[in-house]
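S.K.: Can you build the whole structure from these sequences, using the hints too?
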Amino acid sequence: MKLMAAPRFVDIDIISKCNLKCLYCAHFTSAGDVESDLPTDAWLNFFEELGRCAVMIASLGGGEPFLRKDLKELLLGIVKNRMRFAILSNGTLITEEIAAFIKATGRCNYVQVSIDGSGPLAHEVYRGEGNFERTMNGLRVLQKYGVPVTARVTIHRHNVHDLEGIARLLLEDTGLPSFSTNAASYMGLCRQNTEEVQLTVDERTLAMETLLKLGKKYNGRITANAGPLAEARMWTEMERARREGKESLPGRGYLRSCGGVFSKIAVRADGVIVPCIQMGHIDLGQVEEDNLRDVWQNHAALNCLRQRQGIHLGDFEFCAGCVYIPFCSGNCPALAYNLLGKENHPSPDACLRRFLAEGGRLPMEQALALL
Amino acid sequence: MHRHVRKEDLPMEDKPVANPMVVLREEFDDWAILFDPDTAQAYGLNPVGVFVWKRLDGNHTLSEILQELRATCEDSPAEANDHMNNFVKKLVEKGLAGYEITKVDHLQIPHGEPG
Chain A
1 MKLMAAPRFV
11 DIDIISKCNL
21 KCLYCAHFTS
31 AGDVESDLPT
41 DAWLNFFEEL
51 GRCAVMIASL
61 GGGEPFLRKD
71 LKELLLGIVK
81 NRMRFAILSN
91 GTLITEEIAA
101 FIKATGRCNY
111 VQVSIDGSGP
121 LAHEVYRGEG
131 NFERTMNGLR
141 VLQKYGVPVT
151 ARVTIHRHNV
161 HDLEGIARLL
171 LEDTGLPSFS
181 TNAASYMGLC
191 RQNTEEVQLT
201 VDERTLAMET
211 LLKLGKKYNG
221 RITANAGPLA
231 EARMWTEMER
241 ARREGKESLP
251 GRGYLRSCGG
261 VFSKIAVRAD
271 GVIVPCIQMG
281 HIDLGQVEED
291 NLRDVWQNHA
301 ALNCLRQRQG
311 IHLGDFEFCA
321 GCVYIPFCSG
331 NCPALAYNLL
341 GKENHPSPDA
351 CLRRFLAEGG
361 RLPMEQALAL
371 L
Chain B
1001 MHRHVRKEDL
1011 PMEDKPVANP
1021 MVVLREEFDD
1031 WAILFDPDTA
1041 QAYGLNPVGV
1051 FVWKRLDGNH
1061 TLSEILQELR
1071 ATCEDSPAEA
1081 NDHMNNFVKK
1091 LVEKGLAGYE
1101 ITKVDHLQIP
1111 HGEPG
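Chains as they are written, first to last, in the working numbering: chain A, 1 to 371; chain B, 1001 to 1115.
The set of hints was computed from the structure by calculation and includes no laboratory data. Don't take each hint at face value.
What the hints assert, rightly or not - Computed cross-link-like contacts, DSSO-like style, restricted to lysine-lysine with a CA-CA straight-line distance of at most 30 Å:
1) Lys80/A with Lys1015/B
2) Lys80/A with Lys1054/B
3) Lys103/A with Lys1015/B
4) Lys1089/B with Lys1015/B
5) Lys1090/B with Lys103/A
6) Lys17/A with Lys103/A
7) Lys264/A with Lys1054/B
8) Lys264/A with Lys2/A
M.R.: Take a look at the structure:
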């Protein structure tokens, strides 16, 4: 197993606090929901270390990054250490001043703003009253100053019927080049509100059908690494391989997801180094105390996660007798942890066999025509 | 160095300098990525490219770098010369390398000529 000398990308929760408390937030009540944030100097020292490690991109999240009063100073620290950055935000606190500043750095890959509806109704049901206009305003300010901006749509029970409107708003009316989607997942606060928030099997089927259709209409400008659109593509590929009698798909049949631990690492707001923001419970070390390169190359827990891709799905009772084993990647270890308390297990939430057994339908013909 | 220098080649006595804003990211097996954070462009470098890049410090001439390369690498091909020159030329064209600017001392402008 070849390993890079240091990570290419680092995801950083620069703040734990947020001005919103969205009902499905993956951060609140997770291991990353910490009391204290690292002070400015500690982050700046860490950015110097990232520079020495030749890290290319720092992605800043939280919490809400624009709540940090020292955000400009932190961004300058990233620029000084020859990195680029991205910011993940709810968009409600973005001012003309900070947008102009971000543009002037010349190093911003994008600011990602969360938008959940084509209007206040769907957006604010879980994100709080008055926030649709604030968010849209933030997005427009970023556009005004020429900051690369994208949107993330988290699909839940109250916006699954609004997807066409959301696509129209973002891609036509607002003119974003693209947006990404996922779904409210069993993480953070969502765990307490799953019945109210998470898609039912029928809604998941509907979301897949709608997103595939919209993906075609908007010529690939809707993307996904998780959630219904990603599942529609992955599951269709699996079902097609099965129907065609293929023995396997390349790299499948093992716990191959996800490959993030080979190129990325993450840091919680309190400076604890973790494999991924969604796996904040795995403590790999502490910023300013532990050497990042050493953690990256030698930490047993991180190497254990890398070795999970040698674990065959046939070893799990959960997968016993499943015809999809040779085509399956086991999916997100963080979701498996949240659902089962263990990372080294296939994620039940992304199990095609279970989805079909519960009455889910694959938009096969539609998807096959698009693949 | 008795080599015919084509018109489009960089002179072998040149001493190019790596752009200090560009990041050399050594990954595995001596391969690397050159990352320009200002443009977000990244370029793959093979081990010979890494060897050359590390010597673009404004002190080594291209001839010296080539000489060192030949001494270090067994079986370096006859056309190593051209390969290296092309490689450095591309770096210069992309802004990944350049030349140190020589300071002009205005006090030495000959008397009587306009300053």
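S.K.: Next, verify each hint and record whether it holds.
M.R.: Against the structure, the hints come out as follows:
1. Lys80/A with Lys1015/B: holds (26 Å)
2. Lys80/A with Lys1054/B: Distance of about 21 Å is within 30 Å: holds.
3. Lys103/A with Lys1015/B: violated (35 Å)
4. Lys1089/B with Lys1015/B: holds (12 Å)
5. Lys1090/B with Lys103/A: holds (29 Å)
6. Lys17/A with Lys103/A: holds (25 Å)
7. Lys264/A with Lys1054/B: holds (26 Å)
8. Lys264/A with Lys2/A: holds (14 Å)
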